[in-house]
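> Listed below are the residues making up each chain.
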Amino acid sequence: MSLPQRYLKIVAELAASGALGAVVLLGATPPAVANTEPAAAQPNAAAREPVGERLAAIRAAVSAAARSETTSDMGVPDRLRLAWGNWHNGGWGGGWGVGIGGPWGNFGFGLPWNNWNNWRNGWHNWRNFWHNW
Amino acid sequence: MPRIQLVVVQPTPFCNIDCRYCYLPDRGNKAVVADATLANLFSEVFQSGWAADGLTIVWHAGEPLVLPIDFYRRAFALIDRLKPPELILAHAFQTNGTLIDDAWCRFFQEQRVGVGVSIDGPRRLHDLNRVTRGGRGTFDKTLAGIRALRRNNVPFHVISVLSAESLAAPREMFEFYRAEGIEQVCFNVEESEGGHVSRAFAQAGIADSYYRFLREFWRLAAAAPGAFSFIREIDEATRLVVRPEEAVYFNQMVEPFAILSMDWSGNVATFSPELLGLKNAEYGDFIIGNVNRDRLLDMADRPALHRMLADIGAGVELCRQGCQYFSVCGGGEPVNKLSENGCFASAETTYCRMTKMRATDLVLDLLDEIGERLDPAAPDRAAARPQPSQHALATGGGG
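Chains Z and R, in that order, are what the protein sequence lines are. Each residue of the first sequence is one higher than the last, beginning at 65 in my numbering. Each residue of the second sequence is one higher than the last, beginning at 9 in my numbering.
Please keep in mind that the hints were generated in silico from the structure rather than gathered at the bench. A few of these clues could be false.
As the list claims (entries may be wrong) - If you only want the chain R side, here are some residues facing chain Z, beta carbon under 7 Å, derived:
| # | residue |
| --- | --- |
| 1 | 154 |
| 2 | 161 |
| 3 | 226 |
| 4 | 230 |
| 5 | 374 |
| 6 | 375 |
As the list claims (entries may be wrong) - Stretches of chain Z that chain R covers, calculated by requiring three or more beta carbons in the stretch to come under 8 Å of a beta carbon on chain R:
| # | stretch |
| --- | --- |
| 7 | 69-78 |
| 8 | 117-126 |
Said to hold, decoys possible - Far from chain Z, some chain R residues (derived; all Cβ distances over 10 Å):
| # | residue |
| --- | --- |
| 9 | 107 |
| 10 | 180 |
| 11 | 233 |
| 12 | 252 |
| 13 | 298 |
| 14 | 332 |
| 15 | 334 |
For every residue, glycine included, the Cβ atom is placed at its ideal position computed from N, Cα and C.
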């Protein structure tokens, strides 16, 4: 199975949970290697395909999912097509934001400074840059 | 045109406590920013046309609550008078929490201030580093501040600096937050910055300890639905990895003026806020101007800024060319490159290995583990699946 196909299936699984559910689903994932205790877990990511390829494949899968809302993209599983609205309109801030200067730009430094205003919809979230504080 | 998204204002460099890992060089200085300096800063910011909607003003870099509430009432009113009516902005404090009382809580509510409290976990871990000038732990006072916030229904998040000790104690951290009703959590790592050399960074395998901490904390949080509404490192890593192609990552740390930092005397810096206050002959102490003398528009032409921009840009390019994680990082943080590698024009740091690479690895691993559950017989993954004894400790980007 190609990387994009693999991640389409995985993204479909996540999307079915909605954005917030996806974070819970990921966290609840038991280690693939049964005898790996959490305290002994080591990163596996470097042991597989190059990380850059995997990240690009995931983004391609998410974009395909987004397109599937308005098109009949044959590469997108039906389950993902159905679930996407739940994900896309759910907890991710009412949309992804595109491009430099868009709301996505703020994401990488998210701190819920704006605690008063349902920050998840605001994207005005800033991290604390002063690290040792 | 630059877009100012964050203004960090140092109302005073003074801090009432003396954390062992603090890099701020001047935290015994009780100077206070003048009203005229604040007026000059915000006049320049608003008149430049560079202020982005949703601008956040963070009062920080010294303990902001050592100044009286009336200082902030005056400052907020001044900023409100100067700002364009259509511009939306928010104020935020990052505080050690020791001075929070009911009066501060009323002010936070009245002004809808974002509040971040620094607490490093339970007493045993917090008091390792967060101490008074006499060396006494500050846990009790910080926790009293947090309880005042909760009693007054003021929303807040906490930032916990992870030491080598706390990295080994994810369950203890988790149980502390739950017991105290802390629902929004951010983790910073104890890093090398300015004059501080990280004890944690000196430990072998520290990046993998971070991975294990985050994984276990995530597992515990997932098993306690509703306990946390925000775990910054987990939410960020997930959203950075699981995003569409169109969502371009924007690294504020390397964009001039995206972050504007001003010290109490009016000196202005950009890029990583921690740069302000550090000494450096090559870049003029990272100061690009002073609002009491200079126009913001003129600061864009300062030679020091151009030297920094060229070197930071070269560092970003090294990351772009050589790091597999560039799409979730955007070229790292200049202050960490300078502190760890000795120059901006460099790439990987221990800081980015921990906070970017290992956090990304964790999300990728969990995604793949879901994939294996969905399709357990897939030969391509079965062959690639590492066994515990074969785990090579990841060393970072590249490849």
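> Confirm or reject each hint.
Results of checking the hints against the structure:
The criterion of a C-beta within 7 Å of any C-beta in chain Z is not met by residue 154 of chain R, whose closest approach is roughly 14 Å, and the hint is violated. Interface restraint check: residue 161 of chain R against chain Z, minimum CB-CB distance 11 Å, threshold 7 Å, status violated. This hint holds: residue 226 of chain R has a C-beta 4 Å from the nearest C-beta of chain Z, less than the 7 Å allowed. The restraint placing residue 230 of chain R at the interface with chain Z holds, with a minimum CB-CB distance near 3 Å, inside the 7 Å limit.
For residue 374 of chain R, the interface hint holds, the least distance from its beta-carbon to any beta-carbon of chain Z being 4 Å, beneath 7 Å. Interface hint status for residue 375 of chain R: upheld, as the beta-carbon distance to the closest one in chain Z is roughly 5 Å, under 7 Å. Remark: the stretch 69-78 of chain Z is confirmed as covered by chain R, as 7 of its residues place a Cβ nearer than 8 Å to a Cβ of that chain, reaching the required three. Chain R is given as covering the stretch 117-126 of chain Z, and this holds because 7 residues of the stretch bring a CB closer than 8 Å to a CB of that chain, at least three being needed.
For residue 107 of chain R, the non-interface assignment is confirmed: its Cβ lies about 15 Å from the closest Cβ of chain Z, beyond the 10 Å cut-off. Interface exclusion of residue 180 of chain R from chain Z stands, the closest Cβ pair being 13 Å apart, more than 10 Å. Here residue 233 of chain R does not stay apart from chain Z, with its beta-carbon only about 6 Å from theirs, under the 10 Å limit. Not every CB of chain Z is more than 10 Å from the CB of residue 252 of chain R (nearest about 4 Å), against its label as outside the interface.
Separation of residue 298 of chain R from chain Z is adequate, the least Cβ-Cβ distance of about 21 Å exceeding the 10 Å criterion. Distance to chain Z contradicts residue 332 of chain R as a non-interface residue, since its nearest Cβ pair spans about 4 Å, not more than 10 Å. At roughly 7 Å from the closest C-beta of chain Z, the C-beta of residue 334 of chain R falls inside 10 Å, breaking its exclusion from the interface.
Consistency with the previously given hints fails for numbers 1, 2, 11, 12, 14, 15, ordered from lowest to highest.
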